[in-house]
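**Student:** Sequence:
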Amino acid sequence: MNRYLLLVIFSPGLVFFYCEYLIYFFVQSSCDWPKLPQSNQSLRALILADTHLLGPYRGHWFDKLRREWQMSMSWLAANTLHSPDVVFFLGDIFDEGKWANQKQYEHYVERFKQMFPANSPHHVLVGNHDVGFHYMMDGIKLNRFYKTFNLSSSDVLRLGGITFVTINSMAMEGDGCSICKEAEKRINSIASSLKDNEKPILLQHFPLFRKSDAVCEGEDSMPDEEKHTEFRPKLDCLSRTSSIWLLKSLKPRVVFSGHTHHSCVYNHSGVTEFSVPSFSWRNRNNPSYFLVTISPDEHAVFKCFMPQESTVIRVYTISLLVFILTSLLLCYRRYRTGHIKML
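Be aware that the sequence shown starts at 32, since it is given in my numbering, and climbs by one per residue.
Calculated directly from the structure, the hints in this document are not laboratory data. Do not take every clue at face value.
[Claimed, not checked] Simulated restraints on C-beta separations: (1) Glu250 with Ala331: 15 to 25 Å; (2) Asp328 with Ser114: 18 to 28 Å; (3) Ser280 with Gly192: 17 to 27 Å; (4) Lys134 with Glu256: 38 to 48 Å.
All C-beta atoms, glycine included, are put in the ideal place defined by N, C-alpha and C.
All chains, full assembly: derive it from the sequences and hints.
**Tutor:** Below, the structure written as structure tokens:
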């Protein structure tokens with residue numbers, strides 16, 4: 032009887048420890064860096080997107096607490112297990128950055144740094160939730176974000192012999208605005224600086240133009256009932272014109288994007304684009320991130336899934352039912368033992 036009593040007392044704590052800490056390491060330990068068959072020297076990049084840290088206006092406090100804990104633990108497990116050389120955040124790190132005043136923005140930045148401590152170099156791209164869509168973003172919002180994360184409208188990064196180009200998707204509007212002109216000027220300058228055989232890896236928040244996610248497959252692709260909904264250029268993806276211009280100007284070997292919250296692998300006339308799903312339970316039940324091994328001539332991609340929210344809820348529900356039934360059984364046995372002694 033004492034053994035059962037100890038089980039009832041300590042089992043809730045064990046379940047809590049598993050669901051709130053251990054499960055992240057258990058699930059993500061099945062992931063590993065993909066191998067490159069013809070290269071011994073490579074760069075290991077962890078790529079994630081759309082963390083959407085909630086701000087002061089949207090979401091319940093428990094919603095914020097739950098999702099941020101999930102991302103913190105997923106990040107801790109990812110860094111501990113994989114030790115990436117570099118990390119790229121593909122925009123929308125904040126959910127309400129476009130509305131945040133300076134004080135709220137500074138609080139946002141502190142929370143982000145606490146949740147995603149930099150154990151390796153971080154490169155953060157700007158997303159529409161960070162500064163607003165094209166019609167909403169302005170120089171003040173852009174400059175404070177650029178200053179915080181040490182970037183500009185377009186940047187070229189050369190890391191371990193690998194060239195990366197990052198862009199501000201909302202500046203690809205093509206309407207001649209000052210922000211767009213500056214971004215286009217930067218991209219033209221970067222394109223001119225690239226060597227003939229230097230095909231960069233293009234990183235951006237919006238995906239390149241595609242009509243929809245109809246061709247996308249996999250358990251974390253867009254739900255079937257939404258796949259055939261046509262994308263709105265400049266809102267859901269870049270315009271066809273901007274996409275063709277970027278592909279011709281930069282000649283990337285591979286493209287990584289976020290924004291849709293769903294996974295997709297799309298071929299643009301020989302250039303493969305990977306859309307990275309959201310990192311947060313708030314946007315999907317089965318979030319993930321990409322482990323990308325890169326050499327000057329090759330790259331390989333592995334998608335690492337994090338614990339599903341439904342799995343954690345299921346574990347808690349089953350454990351609660353077992354706890355209640357066990358407690359009732361113990362009470363019944365104690366009652367029966369006492370009743371027999373009285374007889």
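**Student:** With reference to the structure, classify each hint as holding or not holding.
**Tutor:** Okay, the hints, checked on the actual structure:
1. Glu250 with Ala331: 15 to 25 Å: Because 20 Å falls inside the window, the suggested range holds.
2. Asp328 with Ser114: 18 to 28 Å: 24 Å, holds
3. Ser280 with Gly192: 17 to 27 Å: With Cβ atoms ~22 Å apart, the hint holds.
4. Lys134 with Glu256: 38 to 48 Å: 41 Å, holds
Every hint from the earlier list agrees with this structure, and none is contradicted.
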